[in-house]
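Trainee: Below are the chains, spelled out letter by letter.
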Amino acid sequence: METRPLGRTGLNVPILSFGASSLGQEFRRITIDEALLSVRVALDCGLRLIDTSPFYGRGMSEVMLGLALRDVPRDDYLLCTKLGRYDLAHFDFSARRVAESVDVSLHRLGTDHLDILLCHDIEFVPMQQIVDETLPALRAAQQAGKVRFIGFSGYPQKIFRFICDQTDVDCVLNYNQYTLQNTRFADETIPYLQAKGIGVMHAGPFSARLLTDAPLPPWLKEPEEVKAAARKAVQFCQEQGSSLAKLALQFSVANPAIATTVAGSANPENIRRWSDWIAEPLDQELLAAVQAIFAAVKNIGHTEGLAENN
Amino acid sequence: MFIDAHQHFWQYAAADYPWIDASMKRLARDYLPADLTAVALTEGVTGSVAVQARQTVQETDWLLSLAATNPFIRGVVGWVDLRSPTVADDLRCRVSNPKLVGVRHVVQDEPDPRFLLGDDFVRGLKTLEAFQLTYDLLLFPHQLPAAIELAALLPDQPFVLDHLAKPQIKAGNLADWEADIKALARHQNVCCKLSGLVTEADWDNWSRDDFRGVLDVALTAFGPDRLLFGSDWPVCLLAANYSEVVGIVSEVLATLSHSEQAAIKGATATRFYGLPQG
Chain X
64 METRPLGRTG
74 LNVPILSFGA
84 SSLGQEFRRI
94 TIDEALLSVR
104 VALDCGLRLI
114 DTSPFYGRGM
124 SEVMLGLALR
134 DVPRDDYLLC
144 TKLGRYDLAH
154 FDFSARRVAE
164 SVDVSLHRLG
174 TDHLDILLCH
184 DIEFVPMQQI
194 VDETLPALRA
204 AQQAGKVRFI
214 GFSGYPQKIF
224 RFICDQTDVD
234 CVLNYNQYTL
244 QNTRFADETI
254 PYLQAKGIGV
264 MHAGPFSARL
274 LTDAPLPPWL
284 KEPEEVKAAA
294 RKAVQFCQEQ
304 GSSLAKLALQ
314 FSVANPAIAT
324 TVAGSANPEN
334 IRRWSDWIAE
344 PLDQELLAAV
354 QAIFAAVKNI
364 GHTEGLAENN
Chain U
260 MFIDAHQHFW
270 QYAAADYPWI
280 DASMKRLARD
290 YLPADLTAVA
300 LTEGVTGSVA
310 VQARQTVQET
320 DWLLSLAATN
330 PFIRGVVGWV
340 DLRSPTVADD
350 LRCRVSNPKL
360 VGVRHVVQDE
370 PDPRFLLGDD
380 FVRGLKTLEA
390 FQLTYDLLLF
400 PHQLPAAIEL
410 AALLPDQPFV
420 LDHLAKPQIK
430 AGNLADWEAD
440 IKALARHQNV
450 CCKLSGLVTE
460 ADWDNWSRDD
470 FRGVLDVALT
480 AFGPDRLLFG
490 SDWPVCLLAA
500 NYSEVVGIVS
510 EVLATLSHSE
520 QAAIKGATAT
530 RFYGLPQG
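Top line first, the protein sequences correspond to chains X and U. Quick note on numbering: the first sequence equals residues 64 to 373 in my numbering. Quick note on numbering: the second sequence equals residues 260 to 537 in my numbering.
Read the hints as simulated data drawn from the structure, not as lab findings. Each hint should be verified, as a subset may be incorrect.
[What the hints assert, rightly or not] Short, incomplete list of chain U residues facing chain X, as computed with Cβ under 7 Å:
| # | residue |
| --- | --- |
| 1 | Leu300 |
| 2 | Thr301 |
| 3 | Thr328 |
| 4 | Phe331 |
| 5 | Val476 |
| 6 | Gly482 |
[Stated by the list, open to error] Label-pair distances were calculated between CB atoms; the ranges are:
| # | chain 1 | residue 1 | chain 2 | residue 2 | range |
| --- | --- | --- | --- | --- | --- |
| 7 | U | Asn356 | X | Ala317 | 48 to 56 Å |
| 8 | X | Arg335 | U | Lys284 | 53 to 61 Å |
| 9 | U | Thr328 | X | Gln347 | 50 to 58 Å |
Cβ coordinates follow ideal geometry from the N, Cα and C atoms, glycine included.
With these hints in hand, go ahead and build the complete structure from the sequences.
Mentor: Below you can see the structure in the form of structure tokens.
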């Protein structure tokens, strides 16, 4: 699979990474066999950067990955996990918890080092703590050789300048905001990150199933007019003999300024299909037509975390 | 796991590092743990063994103090005067620190080619055995015959050869060196570091091909279970950056199985030096 450099880290990452939130049964019940096979298929297809978090399945995603990766040579994959978010409403970004969280994640994942470690969903807390306490603790873990590269993740565009104006990080992860419907990450933030040499990652090319043929899930936070446009786009793509999901994935991975796009599934068939899709050329005509369908709702998102951080 | 089993730190002062001459200006500055992690983590190296570069116990204690606050440093190879009658006391007060894993003397600077076999020195080495410390052999090729005798004389003392005894890659004078390496490797108590090679080539005009021959000799003679990767950073910077030094060895690694690669990248170092895991 094609790779791109991740900022100034020296890492070359695949343009499509494996998001392991599904392995934590965040979205549906899965069997252990499905989980193990998904990881194997992801690696076989070249999705060799794996993104997880102690939040996903409250530890289950990391545990499943530890099982699935037990006999895989460590050099064959890169691991990104996170810390600070442990449940829907449980956040702890203290330095003490950083140290504990790193060791717990290493143990679950069965490795002696993480390639990337991110503060998870920082918009849910007063963010000055991330600058003053959390990131220095991550740097300490980095100096200890437990973590190679550090950064943070979250949804609102505001978080990136708030942190990066004050301190250095190696890479960041945004989600659901470089898609067919919402490109605010690229419009507002990526040029700023590039100027600083910060590695750029984006998760959620399908925007929580918004841009797929699947029924829209209850956790989708976008307003009704966005959902209506998405349904129209799904139908349009089907009429053209294509699929909105395919176009959505191809669109997200096509941007060379985004080192990697993280997409997750515990269904091996999905992973194989994605890997085939991104090897095919992007249909520019279809893209223009679908962008026209989304034009009226372009860049409409939602508020996430504390109001002050949006 | 990827351990750099041979690197140095220093706070530069000209009087302390007389071997850093005008041709080595690049080395005439401080090199501290944060400088190492800045280049090593990118290559996937997540721990190191810091090796002495001055012959003073003060330096050893300073390296141990760095290791105490920098978990990246998994072990320290220090210096004590092995010829001194007080060697046991000098070691006893330091071995309670688990980060002290071995001792090295700059034998390459000793004029006597049989320095290693001096009575006082051998007595000091026997003390290491009692303290379960390893010994790093820093030699030039003409001192290898003495090292071979020493390995036979102290079969229970773990030795590791630094920098393959600095083969004369630039001059291409390798026949005696190869024979001696093979003879040394017959002693199972000796391991060998794949380190320090780039500075034995032409600093300004080397290629990866320059090292294939000597790396092959080491690989055949010792086997992966007795080989350790080391960068010799920051000395390597005279000829190559950290990434290039890893690249030289990774070419050899690419021909090996995963478990053989794992040995050279850290398992041998962990076993030989008794390093803590992670």
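Trainee: State for each hint whether it applies.
Mentor: Structure-based check of each hint:
no., hint, in the structure
1, Leu300, "4 Å, holds"
2, Thr301, "3 Å, holds"
3, Thr328, "9 Å, violated"
4, Phe331, "4 Å, holds"
5, Val476, "25 Å, violated"
6, Gly482, "19 Å, violated"
7, Asn356(U) - Ala317(X): 48 to 56 Å, "55 Å, holds"
8, Arg335(X) - Lys284(U): 53 to 61 Å, "55 Å, holds"
9, Thr328(U) - Gln347(X): 50 to 58 Å, "56 Å, holds"
The structure fails hints 3, 5, 6 (numbered hints given earlier, in ascending order).
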